[in-house]
Every structure is written in structure tokens, then in C-alpha cells.
Amino acid sequence: MDSGLIQEVVSATLLAGTPLIIAALGLLMNERAGVLNLGAEGMMSLGAVYGFIAALSFSSPVLGLAAGLMAGALVAGGFALLTITLQANQVASGLALAIFGVGLAGFVGKPYESQSLKAVGEWSIPLLVDIPWLGPIFFQQQPMVYLSWVLFGAVWWFLYRSRSGLLLRAVGEDPAAAHAIGRSVVGVRYLAVIFGGALCGLGGACLSIFYAPMWVEGLIAGRGWIALALVVFATWRPFRVLLGAYLFGGVLIAQLFLQGSGVKISVPSQLLSSLPYLATIIVLVLISRDSRRIRQHSPASLGRAFRADE
Amino acid sequence: MLDWPIRIVRRDRPLARMRYLSPLMAIVLMMLTGMLIFLALGRDPAEGFYTFFIRPISSLYGFGELLLKATPLMLCGIGLAIGFRANVWNIGAEGQFMLGAAGATGVALTFPNLPAFLLLPLMVVSGALAGMAWGAIPAWLKTRFNANEILVSLMLVYVAGFLVSWLVFSPWRDPMGFGFPQTEMLSSAALLPRILPGTRLNIAIFLAIALVAITWIVLQHTAIGFRLRVTGRSRSAAGYAGFSIQRAVWIGLLCGGGAAGIAGMTEVAGPMGQLTDKIALGYGFAAIIVAFLGRLHPLGVLLASLLMALLFLGGEQVQQHMNLPKSISMVFQGLLLFYLLGADLLVNYRLKWNG
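As you go down the protein sequences, you meet chains X and C in turn.
Residue numbering for the first sequence follows the numbering used here, starting at 1 and increasing by one per position.
Residue numbering for the second sequence follows the numbering used here, starting at 1 and increasing by one per position.
Careful: at least some of the hints might be erroneous.
[As the list claims (entries may be wrong)] Simulated crosslink set (PhoX-like; lysine-lysine; CA at most 25 Å straight-line):
# : chain 1 : residue 1 : chain 2 : residue 2
1 : C       : K278      : C       : K326
2 : C       : K326      : X       : K110
3 : C       : K278      : X       : K110
Keep in mind the hints are simulated off the structure, nothing from the lab.
Fair warning: this is a prediction, and the values are worked out from it, not measured in the lab.
One chain only, chain X, in its complex shape (with noise of 0.2 Å):
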């Protein structure tokens, strides 16, 4: 293989994994809360069926994006208020948001089906693309990869560093502690959810609006889920969840790229199809055979509901 394909190949791998940086990412927020939302699918679809209409009327991504994002954060908002207000059954509702959230972006999106959006080019930081060989792979690339670098800083940052950021990890380990100190454990818990849903909406609206660049039933093909599975990789930790979507991203590009490169190769397309569902499941094993760690990094009080009055 020569440096340019390699160039190509890896440039491609970040840009596949950056919908599902930005959906986990979310993800993780709300699940370091103590809340776990299985609805993933269905608020990136949503976010990628309103954020694809959007950019094609108002004809401008950012506004698609905006669009993208809210209608993950409302459909969040519903979430948030069934399991945590009405102290329903958190993978119940998550099932119930992601049935819903598919079904109605395959409604709303019937008609726009057909339509395609004008590809957004890539954008080259100065002085950066300069560097040699790796330049034009980390710095010549579209908008919504720098997008999710500076969301990963941001939730990196509020985390550990932001006397909010330990309110919400106080809250996923120990709600009743975190009320006894005089602290909401609800409105942190809606905020979060909120922000997961947004930042899933907002994974879903790069996909149709970047990555696509269209929409179709059945684009976002098990991402929402995909993302779930790495926040379970990433032991609940920003860093690990950059890292396992890069991973993730690899095996699209690598199947892609098996498939579209004319090699002649004794492997139907389809097994080739399904190795990034398989590769989750083989992470997922990976990571959860050491169960001491899993319960040492997973918040205590994941899924279940919190009562002041108990």
C-alpha cells in the first residue's frame, strides 16, 4: 500500500467515526448522571431527518445542524420526563424512543427521500496542514470532525475540571447523597438527558448532512446503537469513547473499502457488511468479561430512578 492510500484511508476512518464521537459523547453525559437512555437510535434519526431538512431549505448546514440538535434535545425532553418525573422504566422507555424515533423520521422523511444536499468541502487549518504526512489526514478534513474534537475538550473539560461536572458524576454515583447536600438530582438529571439527546440529534444531522450526504430510511443503520455499546467500551470515559469511534470508524472504512477496491476476494459482501456489528459485539465481550472493572467505572446509580421522598 502506498502512503497516499494510506493517507486516504485513514482520513476516511476519522471522518466515519466522528457521528458516533459526538453521539457517545452525549450518551456518556447523561449516563454519568446515573440515567441510561436506549433511545439513541431513535434521536439520531430524528436529528438526521430534521437536520437534512432543515440544511436543504434554509440551504445552510449550520442551520441544519441547530435543527438536528434541537429535535434530539426535545425528544430527550419527552425521556426525561417520562423516567425521571414519572419514574417510568428506563429500558423500557429508551426501547419505546428508539421504535418511535425510527418510525417517525421514516414518516417525515418519506418525501425528502430523493433529494441530495450539496457536500460541504473540507476546511484546512493554517499552518497545521502543513505537517507533514499527517496534515492533510487530521487537518484537511470536514467541519464536523473539528466539531467533535472541540465537544470531546468541552466534555473532558466540564468532567473533571468544572465544579458542575463533579455535581454530575456526584449524581450518577450517589443521588440521595447529592440531595442530602441540598442539590437537585432532577434538574441535573434533565439537563443531561437533554444533552445527550442533543448531542445525539447532532451526531444523526452530521451523518445526513456531512458524512451522506442525504437521507434515507435506515441511514443511521444501528449507529445509535453502536454508540451505546462504546460508552460501555470506554469504561464511561471520553477519552476511551474517542478512541473505541476511531476503532469503529476503521471497520466501516476497511469493509468499504474491501468491498469497492475490485480485489478479488473469496468473502461475500455481506459478511463484510456485518463486521462492524460483529466487531461491537466482540468489544462489547472484550470489555465486559472483567466485570470487577465494569462496576468499578459504571455509575452506581445507572438506570435506576431517584425519589426525594424515599
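Starting from the known structure of chain X, fit chain C onto it as the hints suggest.
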């Protein structure tokens, strides 16, 4: 804190009646929201309601279609309900359904000359086994490696889709099928006999009802049902009582996979008549709602599968007569589950007006 006009107050003890009323509340709320959706789309809500909920079952043919669609939903739903009772979250019934369809098709293609009374039972068994095998993967990974069964079973839905796609594109492709991704039509001995003239309804509905009845008896009269319920309520209590959680995982996923596999068989041997890459129409996912709406109870699952079948038919009717995408039925399904989960608050809590 804000002072809300309504407060949520815990009841002294759960209101058992509410467990059966909340599905009804959810259905009414879903229908009202549905009419609002039609209104928002600029359509006549009365026409929308009629087309979606009444028109599909206003003829004998429609009634047959209702029971025909309820069959796989009932099968998948009853299997999932068993696992859900023990908090074993198998959400991969869609994939187990596809494997069941493929397993049954394999038998039908291998033994085309067997008489129906041998071939059909063999197809049911192979469908069930294939579905169970697919359900065994998350069960094994969960019990052996502690891997989350929700994510594993869901990922396997995509893998199952590619597996079936490979089967119908390569080894099992009908040579006379003009290159379409499908097997040849199954021989008449491999098709389930129809039971109601003028409809497509076949005997699989009896199989589904029988399985529901057997599940009811087993859950009611054996220790297995009790153990599953205890495991679902509290893992630690189950542990102290000596009930194996591992076993609950296996039972949940094998029953779920087996029942979904049978459902896949009834689809290829029923309305489809062949295996295609579009064999699964979302019954496996809808069955999650069937199980919850039916309160994880066999009788409830039976009733809920009829309602869910109506939602599928309603979507088709709305597409045909009102020119709206049929994915609207998934919107209705999701809404129904949302409302159900919200209404369940009233089992343990009551609303109190401040003032």
C-alpha cells in the same frame, strides 16, 4: 424548587386495577394523538381514524388479515414476555425471526418431496431451533462474559439481516427468479393450509394460540414462572432463594428465540411463500410493545397482538388510501408504549392538586 400545580404522591399500596386500566388509557391517548397528527397533516381526522382503525377490519378479508398479522406478533410477544418477566431484555426477536424463517426454508428446500404432515412440523422445529440458536448467542455471551444482552441481541439483528441476504443472493437464489433476491416459491406441501375461505388466514393462528395457552399454564402452575418473576423483581432475592440468574437468562433468550423462530417459519410458510431479503417487517420489534402492553401476561399478549396487528394494517391502509407513508404505524406504536409507561405511574402514585 418550583411549585407545580400537581404533585405526585405515592399510594399507600399499589392500585392493582390500574395495571389493567393503563393499557386502555394508553390506547385512547394514542388514538387521540393519532387524530391530532392527521389534523396537523391537514387531513380530516375522522377520515384518518376511520382509515387507520376501522377500515382494515371492516371486511371478512380484513379480519383474516388481522389474525394473520397477529400470529407472528403473538408468537414473538409471548417469547419476549417470558424473558422480560425475569428482566432479561432480549430485543433481538427481529433477528431470531429471520433465522427461523431461514431455518424453515432450508428444510423446505432440502426435502421438497416430503408430505405436508411431515414437512410442516419439521419446518416448525427447524425454525424454532434456528431462532433458539440465534438467541443462544447473547445468552452465552451474557452468562459467560457478562456482555449486555440488549446490545448483543440488537447487533445480531443486523447480522441476521446480512445472513438472510447472503442466502437469497447466493446459495438459495431462485435460478428462474430473474435475479431477484429470493428463493423459489415453496412447494405446496410446505405451505400452511388456509382455514377461512376468502382470506389468507392459515392454521398458524392455532399454533400461536396453543403456545400462548401452554405458556400460561407453565407460568401459572410450575415453579419456573415463579422463579422468573422473583428473578425479575430482585436479583439478590433470587440469589438467596437459590434461583439461578444464569438459568433465567438462558430460559428467557431460548424461549424468546424459539418463539420468534416459529414466527419466522409461519411467515415463509404463510403469506410470503418464499424467503426474501425483506422477510422481516418489524414484527420482532413491535413484539416488544406487545409484551409490555399485554402486561407480560399470556392473555394480555394475545389481546395486545391483535391491537398491534391493527396498527400494521392501519399503516398500510393509510398509505393506500390517504397517500401517507406507512411508517406512520411505527409512530403510533412508539406513542402507545410511551403512553403506557407514563400511565403506569398511576399504579404506584396518585396525582394531587396543590391548593
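Taking the hints in turn, this is what the structure says about them:
no. : hint              : verdict
1   : K278(C) - K326(C) : holds, 16 Å
2   : K326(C) - K110(X) : holds, 10 Å
3   : K278(C) - K110(X) : holds, 19 Å
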